[in-house]
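Protein sequences, first through last, are from chains A and B. Our numbering runs 31 ahead of the 1-based position in the first sequence. Our numbering runs 36 ahead of the 1-based position in the second sequence.
Calculated directly from the structure, the hints in this document are not laboratory data. Computed from a prediction, not measured in an experiment: that's the story for all the values here. Please note: incorrect hints may appear among the correct ones.
List time: in silico DSS-like cross-link candidates among lysine-lysine, alpha-carbon distance up to 30 Å [what the hints assert, rightly or not]: (1) 266/B - 291/B; (2) 48/A - 291/B; (3) 266/B - 330/B; (4) 330/B - 48/A.
Okay, here's what each chain looks like letter by letter:
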Amino acid sequence: MRSRALVDFKATVLEFKRSPEAIFWTFAFPIVLMLLFGAIYSGGGTGTFNLYVQDHDDSDESRDLLESLRATGVVNVRLVNTTLDADQVIKDNSLTSFLTIPSGFGANLSANESAVLEFRKDPSSQSAITLYSIINAAVQQMDPGLKNVTPLISVEEESLVSERFEFLDFFLPGVLALTIMNSTVNYMIFTIVEYRNRGIFRKMMTTPLRRPEWLASRIMWQMTISFISLVLIWAIGVYLFDIAVTVNLMTLALILAGTALFTSMGMAAAGLIKDEQGAGALAGAVTFPMMFLAGIFFPLEVMPEYLQTIAKFIPLTYLAEGLRDSMIYGNMAGAWFNLAVISGLAVVFAALGTVLTRWKEE
Amino acid sequence: MSEGHIEVKGLRKEYGELIAVDGIDFTVRKGQVFSLLGPNGAGKTTTVEILECLRTPSAGEVRILGMGLEQSSKIKRRVGVLPQGFNAFDRLTVKENVDYFAGMFDDPVDTEELLRWVKLEKRKKELFKNLSGGMKQRVGIAMSLVNDPEIVFLDEPTTGLDPGARRDVWRMVQGLRDQGKTVLLTTHYMEEAEALSDYICIMNKGRIICRGTPREIINEHGADPVAIVKAAGDKGLEALIGRFPDCSLMEDNLKVPIHNSRRIADILNILDDAEVHYDEVIIKKSTLEDVFLKLTGEELRGGEEDEE
């Protein structure tokens, strides 16, 4: 059994090596995602935000605050003359965010009393959300005493707060999970439909090769792809964006189990369609909902309750959570739980996939 | 004890309302080239795919090398298959493709030798997708032989090939017979079945409508030979039609049935006496084509366009 799976594996490697398009699309996806999100969230000189500030206090403390905002390298502080009407300035310049430092801010801080900053933002603006979290983080760095100040910025309830500097870290395991799911499901669906329509399965069926052997070869192959993706994503994260993540045995185990799960899912899904036109639609139908509902781009906690419930039924959620547990939080108990869920689902889908895959056209 | 390599009794295959194979019986003997001949949709491919253990029959009994279909994994080790509309891995070379299928069996033959046999040893490093149709088909034949099978199933092996490539395939089928292998061939080309087969079953609409050696079938069902006179001009045609009322005219070709060989001399004499110029006179024996036409009232041809 092992040897037939290996023969198939070897052939798959050769075919892949000779297909520049396949190589490009398989690895461009995680690279582009990493670069994109890295650029957006790390600043890195490219993504800077203009912050309009009215400093009514003009104290040492307020100047310190503005200085630490500038020091992030992401914020251009634009001081607005205090004699102007803030609302008018916002309106005239179509600003999406505006920070007001009230007079007495410095004095209150010196007296160890609560100080309040006023931050107005357009809730639909991503840069305003980012600025908000930057300000919050800057305030916390400025003076430990301020941590007790609540609510610091009363217009907002935003769980992204203070996660700005961790967001990329949060994102990396998500990109990895997404890449594993995306490349595996797509690859399986398209390969199966192609093999079926070109009669390659029919030829395979006339040999002693059995479906579980073929699935085993596919899983081996997809694992190879997953590990190359891991190395790429990790290298980009560490060298370009200075992300601190851990890759341990648990991470590898999760990648193995996740790959097996999505390979089997792809195999099961491909059993549902007949032709090549259906393949693209089906791949989209499987991957898109998972992509958006599994907490890859946003932490699940900021989603509405009902979406959080839906996310619990999405296999990708468990892979993303598990990878985050193992790579960022060091939460082994959580990682074990997610690994168990993924492995269980993998067994179910492998059985389903083996049964549902039709190797021939009727 | 039967010496049949393949035995089929009362075989039926239904897809809902559609009856693809409607209760057929036949026996293929060891070392025979056995053809299922018929138009598309006759049930040939369904039949061989059942024998190849790719489909389950709705009813009937099948024994292959003495085994029932439930022993499919044992059967698969001892038969070779060239499926209809065969394809292999596009981005693997000829040799890699053949090696892949050799790797599926425990005790494969030497693939280098196999490639020499199908005359592809010089092409073995070429990618499958860059090959011509005839070469692809030879790769398929090589693949079907990797396990040194006792029975080889060739499902429409020459459909879509040009005449030269078709001849190559024919030579290989003859080679397989010389090696003592049993070959089950399906085709909708009459001349192919006639040239290659030891035994033929003509299928139409899921049934076997006629069977025997090519000679037996033609002798039993074939019509008399005909003489075809081409472009004899109005004067020549007039003279011939006057003499042979049972002839038929198609464009300017006149077909005259030859009940006895004296008629041939008669035709030539008439043309001579009329002093007309004519292109040629051909004597054509009855073929399986004619038999099929006679038995079903339908033309066999026109299959190629429907394929794929």
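| task | Decide if the proposed pair is consistent with the structure: residue 48/A and residue 291/B, CA atoms, cutoff 30 Å inclusive. | result | violated, 61 Å
| field | Pair hint outcome, residue 266/B versus residue 330/B [Cα-Cα no greater than 30 Å] | value | Between residue 266/B and residue 330/B the Cα gap is close to 24 Å, so the pair holds against 30 Å.
| query | Between residue 266/B and residue 291/B, is the straight-line Cα distance small enough, at 30 Å or below? | reply | Distance ~9 Å between residue 266/B and residue 291/B Cα, so the pair holds.
| said: For a C-alpha distance cap of 30 Å, please report whether residue 330/B and residue 48/A respect it. | reply: Between residue 330/B and residue 48/A the Cα gap is close to 56 Å, so the pair fails against 30 Å, i.e. violated.
Of the hints listed earlier, those the structure fails to meet are numbers 2 and 4, in rising order.
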